[in-house]
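Enquirer: Take a look at the letters that make up each chain.
Protein chains: 4
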Amino acid sequence: MTRARDLGIPLAGTPGPLNAITDVPGLTVGFATVIKGDSARTGVTVIHPRGQFNHAPVFAGTFAFNGNGEMTGAAWVEEGGLLEGPIGLTNTHSVGIVRDTIIHWQAAQDSFFQKWSCPVVAETADGWLNDMNGFHVEPEHVLSALDSAKGGSLPEGNIGGGTGMICYEFKGGTGTASCKLPEKLGGWTVGALVQANFGRRHQLTIAGVPVGQHLTEDAPFTNGENPLAEQGSLIVVLATDAPLLPHQLKRIARRATLGMARTGSLGGNGSGDIFLAFSTANSSAGRGDENGLATLQALSNDKIDPLFYASVYATEEAILNAMVSAETMTGKDGITVKALPHEDVMDLLKRYGRG
Amino acid sequence: MTRARDLGIPLAGTPGPLNAITDVPGLTVGFATVIKGDSARTGVTVIHPRGQFNHAPVFAGTFAFNGNGEMTGAAWVEEGGLLEGPIGLTNTHSVGIVRDTIIHWQAAQDSFFQKWSCPVVAETADGWLNDMNGFHVEPEHVLSALDSAKGGSLPEGNIGGGTGMICYEFKGGTGTASCKLPEKLGGWTVGALVQANFGRRHQLTIAGVPVGQHLTEDAPFTNGENPLAEQGSLIVVLATDAPLLPHQLKRIARRATLGMARTGSLGGNGSGDIFLAFSTANSSAGRGDENGLATLQALSNDKIDPLFYASVYATEEAILNAMVSAETMTGKDGITVKALPHEDVMDLLKRYGRG
Amino acid sequence: MTRARDLGIPLAGTPGPLNAITDVPGLTVGFATVIKGDSARTGVTVIHPRGQFNHAPVFAGTFAFNGNGEMTGAAWVEEGGLLEGPIGLTNTHSVGIVRDTIIHWQAAQDSFFQKWSCPVVAETADGWLNDMNGFHVEPEHVLSALDSAKGGSLPEGNIGGGTGMICYEFKGGTGTASCKLPEKLGGWTVGALVQANFGRRHQLTIAGVPVGQHLTEDAPFTNGENPLAEQGSLIVVLATDAPLLPHQLKRIARRATLGMARTGSLGGNGSGDIFLAFSTANSSAGRGDENGLATLQALSNDKIDPLFYASVYATEEAILNAMVSAETMTGKDGITVKALPHEDVMDLLKRYGRG
Amino acid sequence: MTRARDLGIPLAGTPGPLNAITDVPGLTVGFATVIKGDSARTGVTVIHPRGQFNHAPVFAGTFAFNGNGEMTGAAWVEEGGLLEGPIGLTNTHSVGIVRDTIIHWQAAQDSFFQKWSCPVVAETADGWLNDMNGFHVEPEHVLSALDSAKGGSLPEGNIGGGTGMICYEFKGGTGTASCKLPEKLGGWTVGALVQANFGRRHQLTIAGVPVGQHLTEDAPFTNGENPLAEQGSLIVVLATDAPLLPHQLKRIARRATLGMARTGSLGGNGSGDIFLAFSTANSSAGRGDENGLATLQALSNDKIDPLFYASVYATEEAILNAMVSAETMTGKDGITVKALPHEDVMDLLKRYGRG
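Protein chains in written order, with our numbering: chain A, 1 to 355; chain B, 1 to 355; chain C, 1 to 355; chain D, 1 to 355.
Simulated from the structure, these hints should not be mistaken for lab results. Check before you lean on any hint, since a few could be wrong.
You can't tell identical chains apart in this list, so a pair holds if it fits in one copy or across any two.
As the list claims (entries may be wrong) - Calculated cross-link-like contacts (lysine to aspartate or glutamate; reagent style EDC-like; alpha-carbon spacing at most 20 angstroms): (1) Lys184 / Asp289; (2) Lys36 / Asp344; (3) Lys115 / Asp302; (4) Lys332 / Glu138; (5) Lys350 / Asp241; (6) Lys184 / Glu327; (7) Lys332 / Asp38; (8) Lys150 / Asp289; (9) Lys150 / Asp241; (10) Lys36 / Asp302; (11) Lys332 / Asp344; (12) Lys115 / Glu78; (13) Lys303 / Asp289; (14) Lys332 / Asp110.
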């Protein structure tokens with residue numbers, strides 16, 4: 001698998017050893033990819049913030065840059081500051097089955113934190129390559145993603161919830177990256193995992209270079225008889241081991257906007273851009289002793305900038321990784337979406353002094 | 001069926017002819033009630049803002065007084081100001097199946113407003129009387145509620161999504177009411193439909209009378225060996241034919257808080273109190289001509305007070321109707337929750353000069 | 001000075017020793033009352049969360065039930081979770097002078113927490129009794145309130161920022177109360193200070209009794225040739241020594257809505273009802289060691305209900321204390337607003353079985 | 001005065017005739033610049049949405065990307081959807097005097113829309129070049145800016161509220177730009193006016209070129225003995241004549257984030273980035289006939305993308321115009337902040353294929 005840095009794209013920040021969200025210790029990710037016949041091109045991605053065997057909640061926060069989409073469970077993250085179970089990512093029309101199956105899995109694990117569960121499941125629409133109204137994600141897929149989650153290197157591109165996605169009118173999908181701070185700035189890691197399904201071709205910017213204005217061919221929404229408005233979405237999950245409180249994690253989530261912007265997005269109406277951030281620090285987040293008291297660590301606002309920058313960088317790089325890794329796909333109605341042409345991109349970067 | 005006004009409880013506001021959310025012209029409501037064996041005590045309630053044959057979106061707004069619960073689709077209501085399909089209400093762990101089945105129904109009707117759908121489905125937890133982890137709501141129930149929706153008088157209490165609910169430790173459930181303004185104030189109707197599943201016994205207040213402080217018996221969470229914290233939730237749906245814009249409908253939704261407060265709630269942590277308001281005025285809401293332009297009507301803020309008051313009154317009365325109509329139920333683990341004792345309540349009201 | 005409990009009004013919760021916001025250890029309150037000539041009836045109230053000699057920030061959160069008003073500094077409370085200096089309350093048109101003078105005072109104390117200050121100053125409109133466009137609050141008043149702040153018993157009614165206020169068409173003003181939890185629930189105190197300037201006469205409810213529907217005389221907005229829409233506002237400041245995080249303090253602030261509702265408010269358009277909550281626990285809130293790390297205590301959500309209830313009760317009682325303490329005032333244009341008639345109120349309470 | 005396009009910086013979008021916020025018909029802008037002695041380097045900028053002789057409110061919405069700053073009046077914009085008077089921009093510690101003086105001016109004009117006023121005044125901190133604690137903005141400056149406002153071409157750089165600002169560690173200040181849609185997309189204009197005072201040198205990006213990574217000299221916060229954290233802020237005001245509703249204007253305001261991002265910002269903690277958008281369409285916004293009813297026009301969401309893009313472009317260009325126009329300034333404590341070196345910038349752009 002080729003990734004953005006492998007191509008030589010100049011990117012900011014210093015990645016962790018895996019350059020993946022799994023650089024955050026303990027965190028695991030699972031995928032189920034559903035490719036069947038001519039028109040099922042979808043799947044599920046699952047993130048267990050502390051791994052699937054540790055159900056302790058994490059502090060979390062969300063931000064909807066453009067709420068034209070769904071992130072179930074966001075009301076409780078906002079209210080209670082807690083993310084109380086695994087996160088699911090899938091296509092727009094399969095959010096419900098993923099959500100209920102996560103509850104089913106939690107019931108089987110006896111891992112509800114309250115007496116009920118309102119899982120966080122987010123989506124992007126893969127309805128151009130995938131028959132989204134065929135409801136191809138089934139409980140077994142969700143359970144498989146939940147149970148098979150692991151740390152280590154992650155596959156990217158046409159996998160899991162990102163299977164059928166389109167980004168800047170190239171093939172998009174699942175991407176990940178991480179940014180590790182120097183020890184003197186805390187040594188913390190910020191990891192990003194994105195489901196990238198947004199953007200019009202002309203907007204695509206890589207390392208400041210207006211790549212999309214040159215690569216105008218094979219743009220499925222721009223060209224053809226009926227050019228379409230922006231129709232995609234971007235989900236960003238940011239994980240960190242830095243000790244941040246819920247209101248600070250909302251700030252982290254909001255910075256994903258800047259990472260998205262660095263790839264050229266202009267935030268079209270149809271793009272549901274919804275972001276989630278959580279911290280695996282504070283193992284007693286949300287829990288207290290018999291009197292309800294917990295002792296927590298928190299970073300002060302005046303030391304938070306390196307984490308903000310890392311969040312921007314990791315988001316940008318995860319989006320580019322999704323695009324660089326994704327492969328050309330043919331799906332529903334015979335539509336083909338091309339992969340990002342690596343060589344052409346690097347030629348353009350060189351032309352603009354960035355190669 | 002006995003309702004709060006039938007008992008002689010003094011209530012504010014002048015109801016519409018049905019004293020139900022269906023007093024809002026065109027609106028229809030459907031129910032599916034799932035009572036099976038010892039422990040399935042649940043169901044689905046569906047509201048079609050303009051009836052199930054008119055899929056035009058409505059302006060809408062939401063408010064989470066306490067986001068310890070779920071209302072899917074809220075992100076787009078907030079962002080786009082639009083509610084683009086039917087609303088579902090069910091138990092906490094069946095939100096997903098209701099959501100996805102609404103999409104399935106919309107696909108069959110070819111009624112998506114965008115190219116995808118993120119339906120609004122809200123919940124309250126019926127896990128004391130209902131085996132919530134048995135996932136007893138099935139697609140056929142949802143489709144039945146969607147297709148059988150109608151206007152006119154509505155059943156209340158142990159029906160639809162409200163089947164297994166508990167309110168102030170009496171049997172709760174589905175309730176409705178409406179408030180109609182005098183013609184000189186616009187003649188508009190505000191209708192409420194609630195799924196009432198909240199409150200501790202001692203808090204219960206009816207017409208200002210601290211009823212719950214006297215009726216201390218048979219309170220399942222307060223008494224017994226392990227008194228529990230507040231565990232329920234309240235969903236309020238407010239509909240009006242007054243021409244309000246999305247930001248004004250958020251204000252309407254927020255006023256449901258005051259209606260809830262008038263019944264005594266103290267807003268406990270466990271109670272997910274989430275409210276939705278929409279307006280059936282402006283048939284071109286969200287739609288424009290070929291240039292995207294729509295002509296709309298809107299009421300100015302300085303004339304909105306009567307609608308605010310109506311929203312408070314209708315919410316309060318719908319909650320009381322849910323409790324007055326609900327009947328004693330025995331469910332999971334043989335737990336029995338008693339109906340509100342009408343006669344005792346009225347005796348207390350008289351003792352406090354309110355009978 | 002007579003207070004609500006002195007009259008025998010039955011109220012919930014157990015007050016702290018002073019039944020005032022100053023029951024929260026360390027907190028001080030200062031007032032400057034500006035009564036001059038026929039039409040200056042205004043002033044300033046100042047709250048120092050940790051007293052005027054301790055400038056350490058406190059965790060805080062806000063809620064605007066109805067944002068028809070002003071609370072400067074709210075953006076940073078929401079973003080940073082911190083309240084970094086004293087709070088000012090005044091009339092609507094003097095917010096600016098109070099704000100800038102607080103900065104001036106902070107500069108003199110060298111007490112900025114960041115390199116700048118965005119103080120929290122909130123307001124209610126006293127334009128019926130006070131010549132609000134005469135800008136009668138001057139820097140010297142603000143400095144006097146800041147410097148003279150103290151703990152202990154507090155004056156109420158026609159004092160400080162509350163001087164010219166009207167509540168339920170009786171004389172309103174400044175009120176305070178507190179609620180102390182039993183030791184086994186943490187022993188924490190929630191104190192409220194309100195600037196009460198809201199409500200129409202017919203709405204006034206005391207201990208569940210519809211007092212305002214009987215006391216219909218001398219209601220300046222309801223009667224007369226030109227009855228007016230609701231025009232007032234309510235500011236609530238809730239302080240606690242319980243260790244709550246910023247997102248939890250937003251929840252506390254939101255509960256002030258229920259306290260307001262218990263006095264009968266229907267949340268009219270003109271009433272800017274904005275609430276602030278802060279916690280004096282966690283002396284290192286917002287500060288860290290040389291690496292930016294602070295060790296904090298936090299209460300878990302499942303133990304927070306008693307603090308929610310205390311917030312509701314203290315808000316309700318502070319509003320009633322404002323009204324019970326306020327005295328009849330004649331102001332601008334010779335308008336007279338009558339004090340709440342204690343005896344008539346208690347007669348009504350008795351008639352409704354609540355005396 | 002040289003502007004960004006004059007230098008040949010390649011920028012997106014087609015500007016209106018003035019390439020200024022004053023391309024929005026009727027809108028006027030006034031400035032008062034306060035430069036006195038060694039250390040007063042500040043001022044006031046005023047925007048009258050419909051000009052200073054038309055006090056009809058406009059629909060509006062706000063967004064705080066980073067609420068480390070102040071925008072008074074934002075609560076009512078959020079709640080009521082209305083901006084009811086002129087907007088003021090100034091330094092952080094003069095917000096109060098600007099706010100109260102706007103009220104004074106409104107009282108003199110008899111132009112309150114409600115019975116009180118909560119003006120929108122926003123700020124950025126000029127405390128490095130200006131003695132912010134000297135409170136050098138006085139009522140006469142504010143009145144002068146209010147009364148002298150006009151349409152037509154606008155001065156930029158070291159003027160009005162932007163006088164003492166620093167942006168990416170070059171001299172910043174006031175900037176403006178506009179973007180005009182083709183007639184077939186509605187022909188509407190989006191104008192931006194910014195007070196640009198944010199960013200670290202290394203972040204500065206112009207037309208995708210990492211200019212700031214090359215121009216490392218004379219960066220006052222980065223270099224020297226005590227490098228500082230990001231300390232500035234960005235205020236963006238977006239005006240349009242497109243018929244948008246308040247919830248849509250919040251979306252417009254949010255897009256300013258992307259314009260900011262395109263100049264390189266990473267959203268540091270200290271930067272209070274707060275944005276306001278309003279529409280001068282709908283002259284009856286907020287007003288109704290005797291029954292409170294108004295007839296409005298609104299654009300549907302599916303046609304809004306060109307306005308989103310225009311908002312991004314105009315924000316980006318207004319920031320660059322602020323920097324390109326600003327001149328080197330020496331202020332408090334003898335600190336000198338250099339102007340953006342035009343030639344060096346264009347050399348770098350050429351080196352990166354963008355000249």
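Enquirer: If a hint holds in the structure, say so; if it doesn't, say that too.
Expert: Hints and how they fare:
In this assembly of identical chains, Lys184 and Asp289 lie within 20 angstroms of each other by CA distance solely across copies; the values are 13 angstroms between and 33 angstroms within a copy. Taking identical chains as interchangeable, the C-alpha atoms of Lys36 and Asp344 are never at most 20 angstroms apart, the minima being 31 angstroms within one chain and 56 angstroms between chains. For the homomeric pair Lys115 and Asp302, the shortest alpha-carbon distance between copies (11 angstroms) is at most 20 angstroms, but the shortest distance inside one copy (38 angstroms) is not. Within a single copy, Lys332 and Glu138 get their C-alpha atoms as close as 19 angstroms, which meets the 20 angstroms cut-off; across copies the closest is 28 angstroms, which misses it.
Taking CA atoms no more than 20 angstroms apart as the test, Lys350 paired with Asp241 passes in neither setting, with 36 angstroms inside one copy and 42 angstroms between copies. Proximity of Lys184 to Glu327 under the C-alpha cut-off of 20 angstroms is found in neither arrangement, the shortest distances being 40 angstroms within a copy and 37 angstroms between copies. When the C-alpha separation of Lys332 and Asp38 is checked against a cutoff of 20 angstroms, the pair qualifies only within one copy, where the shortest distance is 6 angstroms, while the shortest distance between copies is 45 angstroms. In this assembly of identical chains, the alpha carbons of Lys150 and Asp289 never lie at most 20 angstroms apart, being 31 angstroms within a copy and 35 angstroms across copies at closest.
Within a single copy, Lys150 and Asp241 get their C-alpha atoms as close as 17 angstroms, which meets the 20 angstroms cut-off; across copies the closest is 43 angstroms, which misses it. Proximity of Lys36 and Asp302 under a CA criterion of 20 angstroms is satisfied in neither setting, with 51 angstroms inside one chain copy and 33 angstroms between copies. In this assembly of identical chains, the alpha carbons of Lys332 and Asp344 never lie at most 20 angstroms apart, being 27 angstroms within a copy and 51 angstroms across copies at closest. Taking the shortest Cα distances, Lys115 and Glu78 sit within 20 angstroms of each other inside one copy (19 angstroms), while across copies they are farther apart (28 angstroms).
In the homo-oligomer, the alpha carbons of Lys303 and Asp289 lie at most 20 angstroms apart only across protomers (10 angstroms), although the nearest pairing inside one protomer, at 29 angstroms, exceeds that limit. Only between protomers do Lys332 and Asp110 lie at most 20 angstroms apart by alpha-carbon distance; the minimum there is 18 angstroms, versus 39 angstroms within a single protomer.
Hints 2, 5, 6, 8, 10, 11, counting from the list given before, are not met by this structure.
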